[in-house]
Each structure stands twice: as C-alpha cells, then as structure tokens.
Amino acid sequence: MTENDHVEHSKQSIWSKYIFSFDHKMIAKQYLLLGISMLILGGLLAMLIRWQLGYPDEPLPIIGLSDQYMETGEVDGVVDEMWDGWFEDETENWLTMTIPGGVIGPEFYNSLFTMHATIMIFFAIMPILVGCFGNFLIPLMIGAKDMAFPFLNMLSFWVAFIGSIVMLWGFFVPGGHAAAGWTGYPPLSSSVEFSGVDWGQNLWIISLMIMGISSMMGAVNYITTIVNMRAKGMTFFRMPLTVWSLFIVAILLLLAIPVLASALSMLLFDRIWGTSFFNASGGGDPILWQHLFWFFGHPEVYVLILPGMGIASDLLSTFARKPIFGYKAMVYAMISIAVLGFIVWGHHMFQSGMNPALGMTFMFSTMAIAVPSAIKTFNWLGTLKGANIKFTVPMLNTLAFVSMFVIGGLSGIFMASTPVDIFIHDTYYIVAHIHYVVFGGSMFALFGGIYYWFPKMFGRGMNMTLGKIHFWMTLIFFNATFFPMHILGIGGHMRRIANPMQYEFLQDMQWINEFITVSAFMLGLAQIIFFFNFFYSMYKGKKSVDNPWEANTLEWVAATPPPHGNFPTPPIVYGGPYEYGVPDREEDWLSQVTKR
Amino acid sequence: MLDWLPENISTYGMKIDFLFYLIYYITNIIFLLVAGFMIFFMIKYRYKEGRKSEYTHGNNKLELIWTSATTIGVLIIALVSAPAWKEIKIDLPEPDIIVQVTAEQFNWRMLYPGPDNVFGTADDLEIENELNVPVDKVIHIKLLSDDVIHSFFIPNLRLKQDAVPGREIIVWFEAMKTGRYEIPCAELCGFGHSGMLGLLYVHSSEDYEAWVNENWPES
Chain A
34 MTENDHVEHS
44 KQSIWSKYIF
54 SFDHKMIAKQ
64 YLLLGISMLI
74 LGGLLAMLIR
84 WQLGYPDEPL
94 PIIGLSDQYM
104 ETGEVDGVVD
114 EMWDGWFEDE
124 TENWLTMTIP
134 GGVIGPEFYN
144 SLFTMHATIM
154 IFFAIMPILV
164 GCFGNFLIPL
174 MIGAKDMAFP
184 FLNMLSFWVA
194 FIGSIVMLWG
204 FFVPGGHAAA
214 GWTGYPPLSS
224 SVEFSGVDWG
234 QNLWIISLMI
244 MGISSMMGAV
254 NYITTIVNMR
264 AKGMTFFRMP
274 LTVWSLFIVA
284 ILLLLAIPVL
294 ASALSMLLFD
304 RIWGTSFFNA
314 SGGGDPILWQ
324 HLFWFFGHPE
334 VYVLILPGMG
344 IASDLLSTFA
354 RKPIFGYKAM
364 VYAMISIAVL
374 GFIVWGHHMF
384 QSGMNPALGM
394 TFMFSTMAIA
404 VPSAIKTFNW
414 LGTLKGANIK
424 FTVPMLNTLA
434 FVSMFVIGGL
444 SGIFMASTPV
454 DIFIHDTYYI
464 VAHIHYVVFG
474 GSMFALFGGI
484 YYWFPKMFGR
494 GMNMTLGKIH
504 FWMTLIFFNA
514 TFFPMHILGI
524 GGHMRRIANP
534 MQYEFLQDMQ
544 WINEFITVSA
554 FMLGLAQIIF
564 FFNFFYSMYK
574 GKKSVDNPWE
584 ANTLEWVAAT
594 PPPHGNFPTP
604 PIVYGGPYEY
614 GVPDREEDWL
624 SQVTKR
Chain B
3 MLDWLPENIS
13 TYGMKIDFLF
23 YLIYYITNII
33 FLLVAGFMIF
43 FMIKYRYKEG
53 RKSEYTHGNN
63 KLELIWTSAT
73 TIGVLIIALV
83 SAPAWKEIKI
93 DLPEPDIIVQ
103 VTAEQFNWRM
113 LYPGPDNVFG
123 TADDLEIENE
133 LNVPVDKVIH
143 IKLLSDDVIH
153 SFFIPNLRLK
163 QDAVPGREII
173 VWFEAMKTGR
183 YEIPCAELCG
193 FGHSGMLGLL
203 YVHSSEDYEA
213 WVNENWPES
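Line by line, the protein sequences give chains A and B.
The opening position of the first sequence corresponds to residue 34 in my numbering, with each subsequent residue numbered one higher.
The opening position of the second sequence corresponds to residue 3 in my numbering, with each subsequent residue numbered one higher.
Counterexamples of contact, computed for chain A against chain B with all Cβ distances above 12 Å:
1) F53
2) T268
3) K501
What the simulated footprint calls covered on chain B by chain A, stretch by stretch (three residues with Cβ under 8 Å from a Cβ of chain A suffice, anywhere in the stretch; the number is not a length):
4) 23-35
5) 48-57
6) 86-92
7) 142-153
8) 188-194
Restricting the straight-line Cα-Cα distance to at most 25 Å, the calculated cross-link-like pairs of lysine to any residue (SDA-like) are:
9) K88(B) x I100(B)
10) K501(A) x F39(B)
11) K139(B) x P389(A)
12) K50(A) x H597(A)
13) K63(B) x S369(A)
14) K179(B) x E132(B)
15) K418(A) x F43(B)
16) K423(A) x M44(B)
17) K50(B) x N580(A)
18) K63(B) x R271(A)
19) K361(A) x T69(B)
20) K46(B) x W505(A)
21) K88(B) x T394(A)
22) K418(A) x G38(B)
23) K418(A) x T73(B)
24) K361(A) x E65(B)
25) K418(A) x K50(B)
26) K54(B) x T627(A)
27) K50(B) x E620(A)
28) K50(B) x I502(A)
Simulated from the structure, these hints should not be mistaken for lab results.
Predicted, not measured: the structure shown is a model, and the values here were computed from it.
We put the CB at the ideal spot given by N, CA and C, even for glycine.
Please take these sequences and the hints and turn them into a complete structure.
This is the structure in structure tokens:
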C-alpha cells in the first residue's frame with residue numbers, strides 16, 4: 034500500500050466511509066446491523082404469537098396500555114395523535130385498529146406468523162449469514178483485496194435496505210400486513226376478497242422481489258470473487274468450508290431466485306391486473322404457485338443452513354485443534370445437498386393434490402438428501418475424536434449447532450415418509466422441525482460466527498462470561514420451546530391456528546402451549562443479553578490481537594480490524610485451512626501463509 | 003411421548019402409526035448413538051495444556067461405511083413407506099358410500115347423494131359441517147373447494163388432503179369405531195381458519211339406517 038492510498042482513505046467523507054461504502058467489510062457490518070434489527074423485530078413478533086397461543090384471546094399484558102387507552106386511544110385525556118390521518122377513520126389509531134382491546138385476534142395473528150417467518154428468513158438470517166458473513170469473510174478468507182464488484186456490492190445492500198423499508202411499510206397500510214403465510218399460497222394470497230388483505234400483500238410481494246434483486250447482485254459478486262480473486266496458492270480445495278458453503282449458496286440463489294421472482298410477478302399480476310395464473314375459475318391453477326414457490330423454497334432452506342454448516346466446520350476444527358475430518362467429503366456432501374435440493378421440492382406438497390405417484394418419487398429423492406446430511410454429521414463427529422477441544426463460547430455454539438441439527442435432520446425423516454406425512458403435515462411437528470433446523474441450526478452457527486469473528490470485525494472481543502450465560506440460556510430455553518412442539522404435532526395440533534381451545538381434541542394439550550409460551554419468553558429474554566453484549570463490546574470490549582483464536586485461515590493474518598484493501602501485500606497460500614496439531618511443530622496450528 | 007398420537011379408528015391408520023413408530027425408534031437409536039459419541043468425545047478429548055490432537059484428515063473407509071449405511075437405512079424406510087402410501091392415496095378401493103365435501107370459508111359442506119346414489123338429483127341432501135357415515139364401510143370423499151385452499155383433516159382417521167379450487171380430489175377411509183370426531187381445516191384459509199371445524203359421526207349400521215330413514219323418509 035502506498036502513501037497515496039493512506040491519504041486518500043483519510044479523506045473519505047462520512048458518506049462514502051459509513052453509508053455508501055464500497056468496502057466489503059463496511060457493507061458486511063451494514064448487513065449485520067440490518068439483520069440484527071430485523072432479528073429483534075422478528076423475535077418480538079414471535080413473542081406476540083406465543084402470547085396468543087399460550088393465552089388465547091386474552092389481552093396483551095403491556096404495561097402502560099390501560100383499558101381506557103385500548104378502547105379510546107387516549108390516556109388521561111391525551112389524544113394519541115401519532116397515527117392521525119393515516120386511516121380514513123381518523124378516530125381510530127393503529128394500535129386500536131390492529132389489536133382492539135389489546136387482544137391479538139385471528140386477523141392480526143395471521144399477519145404475525147406470516148411476518149415472523151418472512152422477516153426471520155429474508156431479513157434476518159439471510160442478511161446475517163449470507164450478507165454479512167459472505168461479504169466479510171469471502172475476500173478475507175481467500176486473500177482478496179475486496180469483492181470483485183465493490184459498487185454492485187454497495188448497491189446490493191442498499192437495495193436490500195429499500196426492500197426492508199417496503200416490507201415494514203406493510204404493517205401500517207389499511208387491511209394489515211400480508212396474512213397468507215410466508216409461503217403465500219393463492220388463492221388466499223391472490224385475492225383481496227378471500228383474505229381482506231389489500232396493499233399489505235402487494236407490498237410483501239414487491240419487497241420480496243426487491244430482496245431477490247439484492248440477493249442476485251450478491252450472488253453474482255460472490256461467485257465472481259471466489260472464482261477469480263483467490264490469492265496465489267489458494268486452490269479450490271484449500272478454501273475454508275465457510276467459503277465453499279457461501280460459494281454453493283450463491284449458486285443456489287442464482288438458480289432459485291429467478292423462479293421466485295417469476296412466481297411473485299404472476300401473483301402480483303393476479304392481484305393487480307386480474308390475470309388468472311393461479312385462479313382456477315380463470316383457467317389457472319393454484320398448485321402451480323406451490324410448484325414454483327417450493328422449487329425456490331427448498332433450495333432456500335439450504336441457503337439458510339449451508340452457511341451454518343460451513344461456519345460450524347471451521348469453528349469445530351479450530352477449537353478441536355484438529356484438522357476437519359474428511360474435508361473433501363464435506364465439500365462433496367455440500368454439493369450433493371445443493372444438487373438434490375433442486376429435486377425434492379415436492380415433499381412440501383404431498384397432501385396438496387399433486388399426483389400421489391409423483392409424491393412417491395419425491396419421497397425417494399428426499400430420503401436421498403438425508404445421506405449427505407448424515408455424512409456431514411459423521412464427519413463432525415470424526416473431527417471431535419482424538420481432538421483437544423477448547424470449550425470457548427463460539428465452540429459451545431458450534432457443538433449446539435451440530436446436536437440441534439441432528440435432531441432437526443432426524444425429525445425430517447418422519448415427514449419424508451409420505452404416509453407419516455399425511456398425519457403430521459401442517460401440524461406443529463413441521464414447526465418444530467423447521468425451528469430445529471433454522472434456529473437450532475442456522476441461529477447457533479450465527480451466534481458462534483458472531484462471537485468468533487467479532488474481534489476481527491470490530492477490533493474488540495465480546496464478553497465471554499455474558500456469552501456463556503447467553504449460550505446456556507439459549508440452549509435450554511430453545512429446547513424447552515421447540516421440543517414440546519413435536520408432541521403437539523403428534524397430537525394433531527395444526528399450525529397457523531390462532532386459538533387451539535376451539536378444538537376439543539387439542540384442549541388437553543393446552544398446558545403444553547402455555548409451557549412453550551413461558552419458555553419462549555425466557556428464550557427471548559436471553560437474547561437481550563446477546564444484544565447488550567454485542568453493542569457494548571463494539572465500543573467497550575477488550576481490544577483484540579490479530580489472531581486471538583490461533584486460527585489458520587487468512588482473515589487472521591490481516592490486521593485487526595483489517596484496513597481498506599485487507600492485506601498489506603497479497604498473501605501467498607502454502608497449505609490447507611485446517612492444519613491443526615501438525616506433528617513436530619511447537620504450536621498446534623499452522624497458518625495457511627506459513628511456508629512449510 | 004408414544005401415546006400422544008390421537009386414537010386411531012381407520013383401517014389404514016395403524017400402518018401410518020407403525021411407520022411412525024418404526025422411524026421413531028430408528029431415529030432415536032441414531033440420535034442416542036450420535037449424542038453418546040459426541041458427549042464421550044467432548045469429555046475424553048477436552049483441552050489439556052501441552053497435548054496435541056491426533057493429526058488425521060479423514061478415513062475413506064469410514065466415509066464409505068457411513069455413506070452406504072445411511073443410504074441403505076433411508077432406502078429401507080422409503081421402501082416400507084411406499085406400499086402404505088400406495089394403499090392410502092393411489093389405489094382406492096371400490097366405495098360403498100360417496101359423500102361430496104365442498105370446503106368454503108369457513109365451513110365444510112357435506113353433500114349426500116341420497117338413495118339413488120347420484121349427485122345432482124332432487125334427493126341430494128346438504129348438511130353443513132356434519133359428516134355421517136356407517137362403521138366398517140369404504141367411504142369415498144369427493145373433495146372440492148369453492149374459494150381458497152383448505153385441508154380436510156381427520157386426526158383420528160389419519161386422513162389429510164388439501165381441497166383445491168378447480169380440482170376434484172377423491173380420498174377414502176374406512177372407520178372401525180363408532181363415535182364423534184372432529185374435522186379441522188389444516189391449511190391456512192383466512193381469518194376464520196382457526197375454528198373452521200366439522201364433525202364426523204361414525205354410526206353403527208343400525209344407527210346409520212335410522213339416520214338415513216330420518217333424512218330420506220319416503221324411500
């Protein structure tokens with residue numbers, strides 16, 4: 034780096050440094066902030082869902098929302114003017130319209146679970162796992178100065194930001210936000226007449242299209258960067274598994290998002306211009322949407338879990354102080370998951386009215402996808418055997434990832450068996466399964482990844498005592514929240530119902546719902562510790578050295594935090610990323626840039 | 003956990019329950035093995051200052067063993083599942099009685115063809131949210147929807163099928179026990195989804211006779 038570069042950087046304005054930054058690390062932090070804000074929002078929505086299920090149709094116990102306020106919008110004679118003019122009937126305000134009397138009610142409940150899933154999947158987990166970790170780690174881990182297209186990268190974030198604003202806007206339009214589930218099955222989603230939701234659903238569609246554009250820009254950037262900008266000596270099979278997973282995810286997004294975009298366009302056309310793509314009476318077919326949506330939707334599930342697998346593999350090897358077991362098998366397993374992921378979408382549709390013979394085919398392809406998942410699990414176990422395990426906070430989260438992923442994977446076999454799926458389809462069993470994979474899987478990897486790379490991102494470490502408290506509370510209350518959902522599902526408890534007490538056969542199980550609700554609140558409280566730790570450590574955390582974990586990969590060679598351009602000179606790679614415990618060496622690690 | 007499944011009253015339900023328990027035991031064994039090994043490794047190989055880990059990059063023989071073992075395992079599960087699926091959803095037995103069920107927001111409209119056994123004639127009878135069938139007979143349900151997608155779910159019969167606008171889907175069951183059972187909707191269908199509920203009455207053959215005579219007295 035020349036003297037001139039330094040001068041140029043110090044001259045950067047706040048706008049080009051913090052807002053419209055081209056630097057992949059700043060963009061990663063922007064994604065992280067967006068993701069964490071949405072994670073908090075999505076979590077709060079989940080708390081409301083749980084309140085309604087634990088205590089159906091009872092008013093929310095919000096302090097300060099007196100009965101008088103809920104009925105009149107006034108507290109002690111002070112009119113709440115905040116929402117005046119937003120609605121045709123100006124005497125109503127947003128709160129009294131949405132939750133009259135503080136009771137959630139079925140309309141708002143439908144919006145709640147729809148938006149909980151939408152926000153968590155598209156606006157929390159994807160921005161953090163793919164947007165933040167992808168942007169931050171890919172150039173650093175492969176030894177590049179930045180992404181291949183820094184401008185596109187900046188654009189990708191701001192497009193996602195606009196998409197998020199559009200999605201949030203939906204909460205405040207008359208008719209409420211989208212309420213057809215995150216899967217948005219038409220005709221419920223395609224007709225105002227059936228759902229009562231007007232612009233909420235339109236904004237949901239438009240926002241997801243915008244997010245799709247953002248993801249496409251990111252995917253193109255990731256693929257180009259990984260293919261073209263690897264440092265000298267960084268062969269494909271010397272890349273850390275995190276980079277591999279993000280590479281595969283980018284390809285999945287590139288292939289799956291156009292399908293979602295076309296399905297969303299058709300849905301929007303059906304809604305606004307009265308086309309009949311999904312309208313049976315006009316010659317369309319509602320099931321067409323399901324095929325298109327799940328052709329995107331199933332690879333999307335792997336978009337959520339693959340980066341977790343990559344991160345977990347890296348962290349596991351680093352803290353086991355042992356090479357990852359079966360590196361190539363891990364890579365091939367991820368590739369198989371990605372390929373098979375495109376031919377299993379029908380397992381979401383076994384009871385949809387799709388030809389049952391086709392269901393049989395999808396059962397076999399779905400069973401096949403269990404194989405690469407099992408290979409990964411066994412290889413993680415193999416990594417632990419004969420290791421020298423350091424139980425740091427990132428490692429605890431990684432071990433939780435592995436064990437929770439095992440539960441989530443095994444519970445998937447029940448649904449893959451078509452006859453068993455007849456009973457458990459659309460029940461809480463599915464809800465339990467998806468949360469074991471996406472919370473137990475993706476989220477624990479996400480926590481582990483943040484604890485692990487935080488020092489490199491911000492130059493300061495997170496507080497590990499708080500980290501341990503957060504970890505144990507999360508692990509315990511996660512299981513207390515989601516494990517009993519299996520039992521509810523086996524009891525026949527349908528998902529997406531606002532009030533289980535309306536059914537005789539579910540009344541005996543209501544205590545389980547109440548138990549889950551209390552656990553979920555505790556799980557929510559535990560996350561406050563994490564968010565506090567995160568923002569506190571950003572400014573007040575202990576200053577970190579360049580390589581606090583004694584890890585091998587290239588990001589730890591760069592300064593902490595890495596400057597614009599990352600490396601003073603382009604690094605040269607001499608070996609694989611997992612050379613821990615090499616015999617005849619004093620240290621138990623061997624950086625990829627060390628000559629051997 | 004094992005008695006959480008609702009009581010089964012359908013002829014094919016026990017096959018579903020059998021598969022459920024089969025997978026339950028298989029997955030439990032795998033989970034206990036994986037968790038057991040994991041905990042054992044975590045304790046045995048916890049960090050000790052100065053010790054180095056075993057330097058190995060994998061074992062192709064092991065990869066081969068667990069890949070083929072898993073493949074065989076899931077293949078067996080798929081193969082034992084296939085006949086039950088075929089019996090329940092593909093090869094429908096000849097019906098003794100046909101009832102047309104039309105889902106709408108937020109009701110099940112049950113249409114009985116009457117003594118002539120033909121739909122669209124004067125003796126058709128429509129009853130909302132009430133399905134009356136005799137025990138030990140093969141019942142076909144002609145499933146339709148008037149508006150959005152619903153899902154016809156009878157937990158005790160282990161039966162679930164989406165009702166899709168524009169399609170006529172036929173499902174079957176044979177109840178083995180008389181009684182009153184609930185028919186919830188299992189697919190989100192709008193603000194009234196929660197609480198969309200029909201009732202299934204499985205009558206003994208005498209009671210069914212009486213019910214028929216009550217509704218079609220002239221025949």
